[in-house]
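Asker: Working from the sequences, and respecting the hints, build out all of it.
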Amino acid sequence: MAGLVLDQVRKSFGRTEVLRGIDLDVAPGEMVVVVGASGCGKSTLLRLVAGLEQPSSGRIMLDGEDITARDPAARDIAMVFQHYALYPHMSVFDNMAYGLKVRRLPRAEIAARVEEAAQMLHISPLLGRKPRELSGGQRQRVAIGRAVVRKPRLFLFDEPLSSLDARLRTSMRAEIKRLQRRLGVTSLYVTHDQHEAMSLGDRILVLNEGRPAQLGPPMEIYARPADTAVAELIGDPPMNLLPGWLDANGRVRLETGDAGNGRSVLVGIRPEDVAGGRPDGDGLALGFTPDTVEPMGAEVLLVGRLETGAAFSVRTLPASFALGSRLDFHCPAQRLHLFDPGSGQRIGPAGPAAR
Amino acid sequence: MERRTIFPGWATPALLLVPQMALTVLLFLWPTAVAVRASVMRADPFGLSETFAGLDNFTALFTDPLYLAAIGRTLVFCGAVTGLALGLAVLLAVFADADIRGRGAYRAALVWPYAVAPAAAGVIWALLLHPQIGGVAGLLKHLGIAWNYKLNDTQAMIAVVGASAWRQVSYNFIFVLAGLQSIPRTIIDAARMDGARGWRRFRTILLPMLAPTLAFLVVVNLVYSAFETFGTIEALTQGGPGRATQTLMVKVYRDGVVNLDLGASAAQSVVLMALVMGLTALQFHFLRRRGGR
Numbered sequence: 001m002a003g004l005v006l007d008q009v010r011k012s013f014g015r016t017e018v019l020r021g022i023d024l025d026v027a028p029g030e031m032v033v034v035v036g037a038s039g040c041g042k043s044t045l046l047r048l049v050a051g052l053e054q055p056s057s058g059r060i061m062l063d064g065e066d067i068t069a070r071d072p073a074a075r076d077i078a079m080v081f082q083h084y085a086l087y088p089h090m091s092v093f094d095n096m097a098y099g100l101k102v103r104r105l106p107r108a109e110i111a112a113r114v115e116e117a118a119q120m121l122h123i124s125p126l127l128g129r130k131p132r133e134l135s136g137g138q139r140q141r142v143a144i145g146r147a148v149v150r151k152p153r154l155f156l157f158d159e160p161l162s163s164l165d166a167r168l169r170t171s172m173r174a175e176i177k178r179l180q181r182r183l184g185v186t187s188l189y190v191t192h193d194q195h196e197a198m199s200l201g202d203r204i205l206v207l208n209e210g211r212p213a214q215l216g217p218p219m220e221i222y223a224r225p226a227d228t229a230v231a232e233l234i235g236d237p238p239m240n241l242l243p244g245w246l247d248a249n250g251r252v253r254l255e256t257g258d259a260g261n262g263r264s265v266l267v268g269i270r271p272e273d274v275a276g277g278r279p280d281g282d283g284l285a286l287g288f289t290p291d292t293v294e295p296m297g298a299e300v301l302l303v304g305r306l307e308t309g310a311a312f313s314v315r316t317l318p319a320s321f322a323l324g325s326r327l328d329f330h331c332p333a334q335r336l337h338l339f340d341p342g343s344g345q346r347i348g349p350a351g352p353a354a355r
Numbered sequence: 001m002e003r004r005t006i007f008p009g010w011a012t013p014a015l016l017l018v019p020q021m022a023l024t025v026l027l028f029l030w031p032t033a034v035a036v037r038a039s040v041m042r043a044d045p046f047g048l049s050e051t052f053a054g055l056d057n058f059t060a061l062f063t064d065p066l067y068l069a070a071i072g073r074t075l076v077f078c079g080a081v082t083g084l085a086l087g088l089a090v091l092l093a094v095f096a097d098a099d100i101r102g103r104g105a106y107r108a109a110l111v112w113p114y115a116v117a118p119a120a121a122g123v124i125w126a127l128l129l130h131p132q133i134g135g136v137a138g139l140l141k142h143l144g145i146a147w148n149y150k151l152n153d154t155q156a157m158i159a160v161v162g163a164s165a166w167r168q169v170s171y172n173f174i175f176v177l178a179g180l181q182s183i184p185r186t187i188i189d190a191a192r193m194d195g196a197r198g199w200r201r202f203r204t205i206l207l208p209m210l211a212p213t214l215a216f217l218v219v220v221n222l223v224y225s226a227f228e229t230f231g232t233i234e235a236l237t238q239g240g241p242g243r244a245t246q247t248l249m250v251k252v253y254r255d256g257v258v259n260l261d262l263g264a265s266a267a268q269s270v271v272l273m274a275l276v277m278g279l280t281a282l283q284f285h286f287l288r289r290r291g292g293r
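In order, the protein sequence lines correspond to chains A and B.
Numbering-wise, the first sequence is residues 1 to 355 according to the numbering used here.
Numbering-wise, the second sequence is residues 1 to 293 according to the numbering used here.
Among the hints, erroneous ones may be present.
Calculated cross-link-like contacts (lysine to aspartate or glutamate; reagent style EDC-like; alpha-carbon spacing at most 20 Å) [unchecked claim]:
{"no.": "1", "chain 1": "A", "residue 1": "K151", "chain 2": "A", "residue 2": "E116"}
{"no.": "2", "chain 1": "A", "residue 1": "K151", "chain 2": "B", "residue 2": "D189"}
{"no.": "3", "chain 1": "A", "residue 1": "K130", "chain 2": "A", "residue 2": "E115"}
{"no.": "4", "chain 1": "B", "residue 1": "K141", "chain 2": "B", "residue 2": "D153"}
{"no.": "5", "chain 1": "A", "residue 1": "K101", "chain 2": "B", "residue 2": "D189"}
{"no.": "6", "chain 1": "A", "residue 1": "K151", "chain 2": "A", "residue 2": "D165"}
Simulated from the structure, these hints should not be mistaken for laboratory data.
For clarity, every value in this text was computed on a predicted model and none was experimentally measured.
Answerer: Written as structure tokens, this is what we have:
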């Protein structure tokens, strides 16, 4: 099996188990984004693959070779760090050339590779400068350039955009995606930003407390989150999670009293899946009293409470809403997500299909 | 925020300044003036009469082969102490910076020598190195080395250099370790990912990033070895055997206090004073650069 393969990788620091058995196959040329809340172990996972840390158990394979015990120098992996980690005393050129010089490439080859990467990243005029003379965005380009010139077998990205401002982040995101497709290098990308994960990843691995919660294409994870942790992490604004129950006929009820002999569940409703008016057919009626409106541009976010008293939010087209008075909304049955209240695991329904 | 208090009139501020000014005048300016004055005078050995000598004392100084030899000797001594103390400190700090078991105890142990007073250090080393009863001397004899720093010029120099550097290692160690720890871990990680290991990583990444700290330490160590090692040398060799370990500082003492050639001694003091001022300016320069980063 080519590409990157993680086989039951575990890591403990002292008594704290940070990674509890990670399995992952990254196909050649594929970009997998690892996403999770802070402290979920995603950075540790990246450092294990990089060789900066040793796993407590498990194997890491790259292009069919077991690299678990290898020094980072012998792995042929390049990494882009969160805060650039440029060498402050070296020029941009030397920063990018350093890894090639260490590997004793011919001078001409080094110059050619650096020039090429600099052109690709639009930093050719900056090659003579020192990192402190660059803006944040430029530094990040240099950091990416340093990885690109190596022509490695694997790219690792450790939240590379987190120290950039929002606008720059969006444009760099697109650029990284383009670059990665063009170079066709297998990549592992770590972020806590779901937008980055959704837009960059061929597939997303959601980590939750050191365990893989879900692995799949972005839209599948959005459409069918495997558990409540994933449901809360992916999707903006986050999914509403409401206590409810399934009655004898398999219909979803929001908890207003005794669950009776039904099965109690957590009902997940995405704010954007809610529509105005009363349901037709088997939709779920939602009596909702908004108390604030957050304009988002094309849409607005209504925040308030349901009749049951649960906090709720609705994403809808702008209109004038009477704040503080009860409005009728509904959610189509096929847009509901049901989770087990104990384990948080998804229990259905099978749909909705990826849109 | 800076806090300023403005006193009305001039009496209170003047009064508050008096202690500091008095100390400065009494302990620094006055002796300095006396030394400068003595350096242009020729005094008879009993100190009963003085005649103005102009720059004669200085001309005599810089044409005196013994003084020129002392300059050379001091340069060798200072270079050796600085090199040894800094080199050892860097080596020890690199190990202390690594993730090793018991690193806290290791670091504490390395800082201890700094708490030992110079004179006490001199006595300790005098005992350890003593040709007849010293532990180090005994060890060297076992290895077949005839150790007697009281007779052998080179051994004497080695002894004073070693004893002087010993104490300074601790001081340097603290600074170098702090310097190493202020290097972001991710930069070292980046170098690891780039494939740089061991000596190469140290030389191309760590050392350049330590450079401001090291430049500062070189000046501090030069000042230390030139001016603060008098006690150690005096306790160990008194500048001997012959003049083998007679640095400029020891010579000032020898010529002035022991041999009572006050004019020559004062001229030497003035030369040293100029040197201290130059080095101090350099030291402040590096301190500012460190602070400004």
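Asker: Quick check: which numbered hints come out false for this structure?
Answerer: 6
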